[in-house]
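Starting from the given sequences, assemble the full structure and let the hints guide the process.
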Amino acid sequence: MLHFGRWKLLTIFLVVLAGALYTLPNLVPETVRYQINEADGSREPRGIWRYIPSSTINLGLDLQGGSYIVFEVDMNEVRTAQLESLAADVRQTLRNDPPLLPRSVAVVGEEVVVLMIREEQRDEAFERLRELNGPVTTELGQPGLAQMYDMQRDGEDPSAIRISVTDEQFTAIRQRTLSQSITVIRRRLDGLGTTDPTIARSGADRVMVQVPGADDPQEIIDLVGTQAALSFHLVDNTINPGPNGQARTPPGRTIYPVANTQPVQYLAVETRQLLTGENLTQSNVTQHPSYVGPVVGFRLDTQGALIFGDVTRNNRGRQFAIVLDDEIITAPRINEPILGGSGVIGGGYTYETASQLVILLNAGALPATLTPVEQRTVSASLGRDQIESGTLAIIIGFAAVIVFMLAAYGIFGVFSTLALLVNVVLILGGLSGLGMTLTLPGIAGIILTIGMAVDANVLIFERIREESRHGRTPANAIQAGYERALAAILDANITTFIAAAVLFMLGAGPVRGFAVTLGVGIVTSVFTAFVFSRLLAVLWLRAFKPKSLPL
Amino acid sequence: MSLALVKYLPVTGNVPFIRIRFFALGLSALVLLFSLFEFANVGINFGIDFRGGIQTEVETAPETSIEDVRTVVSALELGEPRIQEAGNSLEARHTILIALPLQPGEGAEAERANQAARETLEAAIAENFPDAQLRGTTVIGGAVSGELVVTGFTAIGVALFLMLIYIWFRFEWQYSVGAIVALIHDVIATVGMFSVTQMTFDLATVAAILTIVGYSMNDTVVVYDRIRENLRKYKKMPLPEVLNLSINDTLSRTILTSATTLVALISLYLIGGASLEGFAFAMIWGIVIGTYSSIFVASPLLLFTQVQRDSGESSDQ
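Residue numbers (my numbering), protein chains in the order written: chain A, 1 to 551; chain B, 1001 to 1317.
One should not assume that every hint holds.
With the C-beta cut set under 7 Å, the calculated list includes, among others, these residues of chain A facing chain B [said to hold, decoys possible]:
1) R376
2) Q386
3) I387
4) S389
5) T391
Pulled from the structure, derived: some chain B residues nowhere near chain A, Cβ distances all over 12 Å [claimed, not checked]:
6) A1040
7) F1046
8) R1093
9) A1143
10) T1220
11) D1225
12) L1256
To be clear, the hints were calculated from the coordinates, so they are not data collected in a lab.
For every residue, glycine included, the Cβ atom is placed at its ideal position computed from N, Cα and C.
Printed below as a string of structure tokens:
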């Protein structure tokens, strides 16, 4: 116990040195560590920082300010849309030559129900519809084991075929919806010019968005919570939409409200989509002589331009409507064919609203509606205050513990103080080196560790004191003290570590930060108490060769 | 070094902890009954994490009173607001916490209503208190808060269970029973404390309770370790005396560790800011009750469960 081999000494030295090196950047201003390129904001370590760690601890949003928002994807909507598109495919397939006419194809609950006019055609229709089926495409783009649809001939009604979406297919769709959403959200946030947003899947149907420095969550909610499904339709002026848009519409017509009208006006349009957002290649904020204020200009892809050219040539004098998320954002009259594949959306935009629409159009539509279900925003000033008060609490707690240990154990108190100092350095270095995030509860974890870390020292010192009272020599007593305290130290720390591990695994959001510092702190405090302070005690023994222990 | 304070403490104390066990257990029983009674009657003041809703922290001019804010917020008719001073006496800022309940509705509709309520609240604050500055807002929907409740209490349950397993491996079952009873004692007493003081109980409090569980276990294990050792050492000594001796052996360690931890936590409570106040408070109470339970609950319980003395190798001294 009292002998430290060369390799052991070297290891201890290296561990402490690594902790110190990783902690150091946190104490030095950024401008000293990095050469910052004014033009693009990129930075390069300068001087000695090229050779030693230069990055600091990641601060959580509660310490640096910013917004944390969790959005939920409406999976019912996704499921309904899936069934609707399946029904459309079914109709199309049955219409193929030779046509097998169904009496109806309808979404009933969680199924598509096909009723044939002639019962004897059911088997043929069933065989043909089986072509629609196939293996599920997994997340990696490979065919899975299960089929996409479950198709059955109804046992009671001889004209009915029932088709449902298998759970495996729905899971695959759910996953695809989430990853598409994440891609679109990332493009939108990049369009906004936010710094380092974090976007990640959270559970089965949620997406977590973290934007450092965003004081106003509404901006992000507006941007992410908008589906931005865009479509072009011809307006049907022969239908009176009624004062509340409640008029009955014939098949193939839909009534939408017109944006920014007071009282709200309605227009009936042809349900058929001429073009969708998919046909847009690029849009930007621009000016147009027909409109006051900024307008949104867009360009169509080749196919879109052809369709748009045909439609405008054949429907001169009629109105067409651009519908964004079930609202008509503009409905200009077609005065002449538009052949170049570009156009503008105008009317009542400010520069901000026009820019936002541009970001949305350029990023594409979300596959489903996203609803914010959890939102935590901390302003930069509150973040700064929390760091300051947290740091102050650490320093004062640290000082108080030192005073206590010195008063109680004299020279051994000095050993434990040094061990405690190394402990804090190792915690900070560990957080820095492992790239973990420090949150306000994390600071609480550090303070708690400082208070509890001395426990191991106290256990050891009490043991040494006891052994020395039993008449052992100082060296003997120290040896026995460390040996005998080990079991209790391990037991005690393992129980606290269990608590930290459970918190880490089950804990949500900021509380995880507490689990991280507590867990790291437990490991480092056992190391410093048992290895580092023992080394100090041994060095002291060798240097002074005391006759009795000052305990 | 004559600084050593502990020299003035009795080195091997001889406090008759075990003799007063009936008094201590009676006191504990009273505290637990009272805690459960308060919990059933008054209940816990759950924070936004568990209750859901909208919470905003606003820094206002010093002359803005809570009543002024209440008048403005109540007029919005977004449900019964809870308004309280945030921060503590050491902070120079004057900050007020405003909380609104979950908005009515189903599913996504309710979630959007919550966001709309936040916007309305922020606009009303900006309009009526032009000097006010928004320091932070939190909106937790009904689904998420429900999940957080489940997660929080699962975490406490799982931690207790794992510790039971650990203790079972390390000690005989008689010890496990004592340790777990002591832990449950601490958790109930903490819940009782939150019912009495009506301090906000949120996710951070769950973290605190878990840590208390860890700390209390830590304390209990140290005493049990010593009991086991002393049982081997003094084979003929009656059990109550062994227990008492072991508690006294570890007493100065217990006092010192609790003291340093408390000192660190008090600094956190006083300086750490509003967000950590509840956490620090729970921890301080937990350290006190955890230390008490190791000495007065966990150890005397060994008398009732009749720990075995193994026929170990070491001889009587």
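Okay, the hints, checked on the actual structure:
no.: 1; hint: R376; result: holds, 5 Å
no.: 2; hint: Q386; result: holds, 6 Å
no.: 3; hint: I387; result: violated, 10 Å
no.: 4; hint: S389; result: holds, 4 Å
no.: 5; hint: T391; result: violated, 9 Å
no.: 6; hint: A1040; result: holds, 27 Å
no.: 7; hint: F1046; result: holds, 15 Å
no.: 8; hint: R1093; result: violated, 8 Å
no.: 9; hint: A1143; result: violated, 6 Å
no.: 10; hint: T1220; result: violated, 9 Å
no.: 11; hint: D1225; result: violated, 5 Å
no.: 12; hint: L1256; result: violated, 5 Å
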